Amino acid sequence: MFDSGVGGLSIFNAVKDFLPQENIIYLADTRYAPYGDQSEAFIIERSQKITDFLLQHSIKLLVVACNTATAAAIQVLRDNYSIPIIGVEPAIKPAVEKTPEGRIGVIATKATLKSEKYQRLKARFAENASITEKATPLFVQLVETVAQLQPQHIAEIKQELQIFIDQKVNTLVLGCTHFPFLNEVIAQIMGAEVTILENAQPVAKEIARKLGDNVNLQNTARQLTFYSSNPAAAQAKFNLILRQKVNLLPF
218 MFDSGVGGLS IFNAVKDFLP QENIIYLADT RYAPYGDQSE AFIIERSQKI TDFLLQHSIK
278 LLVVACNTAT AAAIQVLRDN YSIPIIGVEP AIKPAVEKTP EGRIGVIATK ATLKSEKYQR
338 LKARFAENAS ITEKATPLFV QLVETVAQLQ PQHIAEIKQE LQIFIDQKVN TLVLGCTHFP
398 FLNEVIAQIM GAEVTILENA QPVAKEIARK LGDNVNLQNT ARQLTFYSSN PAAAQAKFNL
458 ILRQKVNLLP F
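For what it's worth, the working numbering labels the leading residue of the sequence shown as 218, then goes sequentially.
Some hints here could point you the wrong way.
Computed Cβ-Cβ distance ranges for the label pairs, DEER-style [unchecked claim]:
1. Lys277 x Arg341: 27 to 35 Å
2. Phe235 x Leu457: 39 to 47 Å
3. Gln292 x Leu457: 30 to 38 Å
Listed below are the simulated SDA-like cross-link pairs for lysine to any residue, each with C-alpha atoms no more than 25 Å apart in a straight line [said to hold, decoys possible]:
4. Lys310 x Thr412
5. Lys385 x Ile371
6. Lys315 x Arg295
7. Lys233 x Asn433
Read the hints as simulated data drawn from the structure, not as lab findings.
None of the values given here were measured: they were computed from a predicted structure.
Glycine included, every Cβ here is placed at the ideal spot set by N, Cα and C.
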């Protein structure tokens with residue numbers, strides 16, 4: 218699986234727990250994070266380069282653990298590679314199911330919100346829903362660079378969420394894999410009456426479904442391998458999120 222940075226570790230943690238005997242390779246394209254500020258052509262190019270690299274490790278399934286890369290590149294990847302490829306996308310469908318007549322908020326990267334894939338997702342599942350959207354690169358920056366949130370960071374997060382508070386949303390969709398790492402603060406700011414949706418568990422279940430009979434039930438000494446395109450910049454954050462010293466290899 219890959220992401221622009223550490224955000225996809227929210228997916229990694231769910232998959233690691235849900236499929237405890239599978240070997241997992243995680244690659245963070247840290248040098249070019251965040252993808253939300255990159256062009257679609259650049260994201261496609263990086264996604265293909267990363268996929269080529271991961272295929273050298275005999276992977277049987279690829280997870281694009283990044284909403285922005287999923288929106289920009291997953292169809293190109295599926296058109297050009299034969300292995301199963303699973304992406305992540307904002308949880309619009311479950312949000313509408315939970316809030317059929319209410320107000321939904323979607324917070325994501327700018328690239329995700331303007332993508333054709335996201336627009337098709339809305340048209341398919343939320344044609345009649347009341348949706349408030351906001352792009353925030355701040356959340357990605359905080360997750361990638363801040364070891365511990367300070368009061369000024371929490372104030373900045375609240376300012377970013379104010380539009381959803383003002384609109385009195387019933388459900389808030391976290392449309393970026395980085396954002397679940399801020400879930401506790403977001404929940405405190407939004408209040409207990411607001412449902413917060415992210416997609417780590419659904420992705421883990423979809424992986425198991427896709428693998429079917431190919432799920433590894435025998436491996437008792439699985440390997441977890443980590444790469445980064447800028448290991449020096451990413452090492453401390455990997456250690457913090459995974460709560461252990463990680464051998465972060467260069468990509």
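Earlier hints that do not hold, by number: 2 and 6
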